[in-house]
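Position chain B against the provided structure of chain P, taking the given hints into account.
Protein sequence lines correspond, in order, to chains P and B.
First residue of the first sequence? That's 1 in my numbering, and the numbers climb one at a time after it.
First residue of the second sequence? That's 426 in my numbering, and the numbers climb one at a time after it.
No wet-lab data here; the hints were simulated from the structure.
All clues stand as given, with none of them false.
Residues on chain P that point at chain B, a partial pick, calculated with CB under 10 Å:
hint : residue
1    : Val19
2    : Val22
3    : Val27
4    : Leu29
5    : Gln36
6    : Asp47
7    : Ser53
8    : Asp54
9    : Ala77
10   : Lys115
11   : Glu255
12   : Asn258
13   : Ser260
14   : Gly276
15   : Thr279
16   : Ser314
On the chain B side, residues computed to face chain P include the following (Cβ under 10 Å):
hint : residue
17   : Tyr536
18   : Ser544
19   : Gly605
20   : Ala688
Here the structure is a predicted model, which is why all the values come from computation and not from measurement.
Backbone N, C-alpha and C fix where the C-beta goes; we use that ideal spot for every residue, glycine too.
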Amino acid sequence: MDQSSKPFSKYRTLIIGLVVVVVILGVTLIIWAIGQAGTTVDLEAVDVLANSSDECVTCHREVSPGIVDQFSHSSMAAAEVTCRDCHEVGADYPGAVEHEGDTILAEPTPAKCEKCHEAEVAQYYQSRHSLPAWVAVAGSGDLSPNHLAMYQAIPEGSFAPDKARNAIAAIEGPVLTPFTCESCHSIGEPMPDESVGRCQKCHIRHSFSLEQARKPETCNNCHIGPDHPQWEIYQESAHGIQYATMGSNWNWEAEAGNLSVVDFPAPTCALCHMSGFGTTGTTHDVGDRLSWYLFASISQQRPSWQDNRTRMHSICFECHNENFIKDLYAGADAATQQINDYVQASNDLIAPLQDQKLLTSEPFDEPIDFTYFDLWHYWGRTSKFGMWMQGPDYSQWHGVYPLLETMADLEEMVNDKLQAAGATP
Amino acid sequence: MYHLATVSPFVKRVRIPITRDQAMLLMLALNELLLGLETYLAHSISGTIMPKEWIPIIFGPVAGIFLLIAGLLALRKRNLAAVIATIIYLASTVVGLLGVYFHFIRAVLPYATLGEMISIPLFVWAPPILGPLTFALVGLMGISAVWLEEPPDSGRLTLMGGRKLQMPFSKTNAFFFMVGLGTLATVISSVLDHARTHFENPWLWLPTGIGIFATIVAVLLGALENPRRGDLITYVVAMVLLILVGMLGVLLHIQRNLVMENAIVVERFVRGAPFLAPMLFADMGALGLIILLDPKERGEEKPDIENITANL
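One chain only, chain P, in its complex shape (with noise of 0.2 Å):
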């Protein structure tokens, strides 16, 4: 062969060569990653930021090593976000300040959340668990009025907006609230710089483990005690004696969006009230799949209840069959339905104290006030959470039981106060 005219044509045999070394290459690697493929990535087993030489992180190892060890075992330092991503802003950003030469947010907000999380930060926006949370303990005096107009645009926040701000808290003050009502409601509280709420309350910092904002201990932190005990109904249901006997082998850091019964065996309540499951895609909206207000002492269905219904139908359709899920829900109604009578009945009967004017008008300062508040807030409310997620014991016995004891209680005490202004009860 004439080689002049083809200058290229001594590399032939070593362009061969490479094709064949990477071919050769890539089998082995197909090999080997075939090899590895039970093997899942354990991130919290490494130290990603082992040999960091970032400023935060060499001093905050010194001065808060656990932070730097929770980070740099998780899938946000994994995935390089790192510390200045989510506390670094200007010097001119509302909360921000001043830390060793830098400005930064002490707690970022779901503002930074929202650049790299954009949809799940607009679903929590139209949640309950955003301002409406808030409104609960602190009224809407203060908001300003985009959170007003963000707020009445909630489905919570257009159902009897300032009705909805509980009195107690305003008693307590603010001594007593962050360790009370707001440690819990802070999940909504407006920030300076017109975001809301606090991702990090299900999201703890700085592990931000999927499967730790997965499991319903998360939702344990709040949704507990006699006024919402949800846990305790979910830990007595058949769902939660699944979780409790079997989750150790459920599939906690499954691909979101993606979840089916192969994954999640039986429901948490992340998977009932959020995942993508069944038919039904993700949202952080966790109101999206309710059909009725029942948080109300007189619960009524909420705007779009039949969409919501068909989405929560979706999830229960994965293991439940239609005879089954049409019975429940039929059944839940009229229970509802029935609680609220109760509580209409309660509401009858003290009615003629307000009529005469025999009440005092502050709130919470007499025995009363209390044995009302308890008949709805905590007895009302529990026998309706007990009905729907399925807790027996919380329906009857912390939920019917006691609000018909503090039924007759009530009647008692309006007896009592009728007789001695003279009037007839």
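Chain B alone, transformed into the frame defined by chain P:
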């Protein structure tokens, strides 16, 4: 050499309205368009598309449209069309290599301890490192297809201004190598992706086995100077199998994403099994078959003197 005619002499009688290079360029323009869509779906998985993730999403359709325009322009101003196409294919190569870099750095932990910086599970967990390589492959094949090879199968390309460049292989052989390596990248991506499911599903062995087979056949054919009919038939079988695997993969991925009563949930199609991804196998198969078309340009057909004189 008209390889397809060697496989089946019947095709000589069929008049194909476009040349091999035109068919290749048309297919590659379609590739750019579909790559934009596929990348859009892939980058939507997290729910938020970051600024640099928009690069391939925007580039794909823009490149595809420009290439189609260049194709029409080539009917009158071939040189201008070749310049436009070359620029686009060079850009496609850059976009692809940039993508590989961005995906690769997500798969390594640069500040972790030495033994933990790179591991196979991390490559499984991270975005597909070889996925963006498709843009680079399309770019490389496009550049190869744009410039005339005179005479056919000589490896002698005519560049801008009539300059000549002698390549070590003919266009046909180079295309075989590219399809071989493209198929390899497709198989590796598929294996890393399927490793998430622990390879429990026996269907997953099909793309792996056929993909490796097609890779080796295509690369071997690239190294052969004068493949025999048997070699070419094996190659055609491998390419057809790739196409079938791709189509079957699309069906299986769609089936995987359907929920009860075959309901379609858009989120599952975005975040679940990527339904367009298996088409890469079919794409490689189709590109591989196009290589077998007649490499001659229009107007190069010269009278068959031997036949004519024999008949006299």
